[in-house]
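Okay, here's what each chain looks like letter by letter:
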Amino acid sequence: MASCGLAAGADEIYRALEKSLPDSVKLEKTACLGFCYAEPMIELVDEHNESKVYGNITLRDIPGIAEQKPPVSKLMLDANGDAPANAQLAQQVRIVTRHAGRIDPENLQDYLDDSGYEALRKACTAMNAQDVIDTIKNSGLRGRGGAGFPTGLKWQLAKNAKGDKKYIICNADEGDPGAFMDRNVLESDPHTVLEGMAICARAIGADEGYIYCRAEYPLAIKRLRKAIADAEKGGFLGDNIFKSGFSLHIRIKEGAGAFVCGEETALIASIEGKRGMPVLRPPYPAEAGLWGKPTNNNNVETYAAVPWILLHGADAYAAYGTEKSKGTKVFALAGKVKHTGMVEVPMGMTLRRIIYDIGGGIKDDRPIKAVQLGGPSGGCIPESLLDTPVDYESIVQTGAIMGSGGMVVMDDTSCMVNIAAFFLKFIQNESCGKCTFCRIGTLRMLEILQRIQEGKGVPDDIGKLEELSEQIIASSLCGLGKTAPNPVLTTLRYFRDEYLAHIEKKRCPAGVCRALVHFTIDREACTGCTLCAKNCPVNAITGSPKKPHTIDQDSCISCGACYTVCKFDAVIRS
Amino acid sequence: MNNTIIDVIKKYEGIKGSAIPILQEVQEIEGYISNDTIREISAVTGIPSAELYGIATFYSMFRLKPQGRHTIRTCKGTACHVSGADTIASAIRTHLKLPENENTTDDDRFTVLEVACLGCCSLAPVIMIDDTTYGKLTIGKLARILDSYT
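Line order of the protein sequences matches chains A and U. Going from the first sequence to the working numbering is simple: count from 1 and add 95. Going from the second sequence to the working numbering is simple: count from 1 and add 936.
Keep in mind that a hint or two might mislead.
As the list claims (entries may be wrong) - Output of the computed footprint for chain A on chain U, the stretches with three or more beta carbons under 8 Å from beta carbons of chain A:
| hint | stretch |
| --- | --- |
| 1 | 952–961 |
| 2 | 966–973 |
| 3 | 1034–1046 |
| 4 | 1054–1067 |
Said to hold, decoys possible - DEER-style ranges, computed between Cβ atoms:
| hint | chain 1 | residue 1 | chain 2 | residue 2 | range |
| --- | --- | --- | --- | --- | --- |
| 5 | U | Lys946 | A | Arg588 | 52 to 62 Å |
| 6 | U | Val980 | A | Ala324 | 26 to 36 Å |
| 7 | U | Lys946 | A | Ser115 | 44 to 54 Å |
| 8 | A | Asp208 | U | Pro984 | 46 to 56 Å |
| 9 | U | Asn971 | A | Asp199 | 25 to 35 Å |
| 10 | A | Ala174 | U | Lys1077 | 56 to 66 Å |
| 11 | A | Lys433 | U | Gly950 | 31 to 41 Å |
| 12 | A | Asn524 | U | Lys946 | 43 to 53 Å |
Source of the hints: derived by calculation from the structure; they are not laboratory data. For each residue, glycine too, the CB sits at the ideal point set by N, CA and C.
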């Protein structure tokens, strides 16, 4: 019961089960197994401790489940490994998400039963600070927020920094549109993040920590609050942890809606209660961070990997992945892919395997056009490069970035000029305004893209976009500005023909740009089924049942909803 | 002086960097941040009102105008965008008879906002009304959902 499951109706299913299950069956809640497309899901464990997972459960399935006759056609995972979704899971390596969907995230005992806080005990009682840092260094773990800075080295810098007071921060301000890995981890296994933070604090010598979580994630915040309280009660956080003299107090800071606060100096400013505006580095936060004190800042996924590494050893972690990118990466698979959800794979797996073997391919078996990686700082990778392995270096070569893990799949119904404009509009809204090129340059680029989308582009526009991109990259202070042109540059690199079609032929090949398409109804083909009228967002379609319908061109917004729903090919796009 | 505001500020006495949580909590109680509220917080905390106003305008969650009884957040994330979020947004406005330049309905029933991403990308397109998330939305489902709020 994480956000996705709840949005799909898991709460209703839970309440129905509560009412109808016999007393002999124990009902428990868990969080996200990652198969979001099949929510709501349930897991049935029989008296032999054998588990079966069923997906797409509706209220109609409840009586059957109560009589121990679950809907066989909805079986997804079983212990033998031959259910439909077993193959998807078999290709994954679950380290960060090892507990997701397996334990009750609101029950500390569940976490403790699976070696919970054992890694922290080890760090507090059997290892010294340098041992901990060396283990993280040897594991090859790199920052999972997107930049990929070696985590062990970052910790070393914070440990070496002189200061009477040090802080740790967990960046849970997952702002990339299309990314929800961190939300899933926080909702499904909050203790593992707290344990990772505590191990880091122990290693660098911090006694106070903050989790900066975006306010759009109320469930994650609720579960974190409970987890912190429970851990303090259990002696895993608070004063004198494991009687080692080490203390750590963790507070939650709720974000207030600013994408730029994912940048570490802006995030620190925001925790300090100010406008979240980035400042020039150096000094790096490791030397002078929160309130001027040495501070270590990592992302949720990075901290969540730490307890596993300490328990299983650096070599076990480094055994996964490629030469320079070790371990696993969690991706949020979304867009036009069949199996949307959360996946965790060893670094180095190709995009094609993730999208087709785990993701099940493209919805309605349409052709894939691109996959968007790294959100507004990333780029669109075309079909021809799908055999690129996911590791930091290979992804950068395509012009995109690994990013935090959002992977949005696009089919032939997406217009790449529209996508570029979408990201630029996002950046325009979120630019903090400090650097002129980021503030005004992105606006000028957006204006050009909008012009192209309206069929008013001129041949010179592409050159202007490239020139502005170069200047914005060179003249912006923080990562937001420096990477802002990436979505435009990658689409220009791989989908230049689409830009040219808009500019020269005044045509949108994907039929998305509203000024360049219009829709009419073929009176011969229309059966008067009324489906188009029911789906028109602006009530522009009129007609009596069983009689041909018409579209009022004045109120039509060319959204294409009628075109998509018509079963008789009676809506004509031109 | 408004007692609720003083109560909120008291909770944060002595805690560094509390301007944002104070504004968040006051907004939670009052629905939005008015100019008077900013002046009152400034008077009690000593934080200049210009600084408070700067914070309130910087972060997108702060509202400077009165809000409707229910808040609709239309997700404009990447996954929702490629799954027709714009069409959903148009349909909401048409159904509520809300003109382009307005965010709150005449009867104060709804305030309509766009948000960058709700993080339910696998259920795109998604909207959130108050604390409830609705996924895999179609225009057909919308009217029933909207009409269930009074």
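Structure-based check of each hint:
no.	hint	verdict
1	952–961	holds (count 8)
2	966–973	violated (count 0)
3	1034–1046	violated (count 0)
4	1054–1067	holds (count 9)
5	U:Lys946 with A:Arg588: 52 to 62 Å	57 Å, holds
6	U:Val980 with A:Ala324: 26 to 36 Å	29 Å, holds
7	U:Lys946 with A:Ser115: 44 to 54 Å	48 Å, holds
8	A:Asp208 with U:Pro984: 46 to 56 Å	52 Å, holds
9	U:Asn971 with A:Asp199: 25 to 35 Å	46 Å, violated
10	A:Ala174 with U:Lys1077: 56 to 66 Å	37 Å, violated
11	A:Lys433 with U:Gly950: 31 to 41 Å	54 Å, violated
12	A:Asn524 with U:Lys946: 43 to 53 Å	35 Å, violated
In the structure shown, a violation is registered for the earlier hints numbered 2, 3, 9, 10, 11 and 12, in ascending order.
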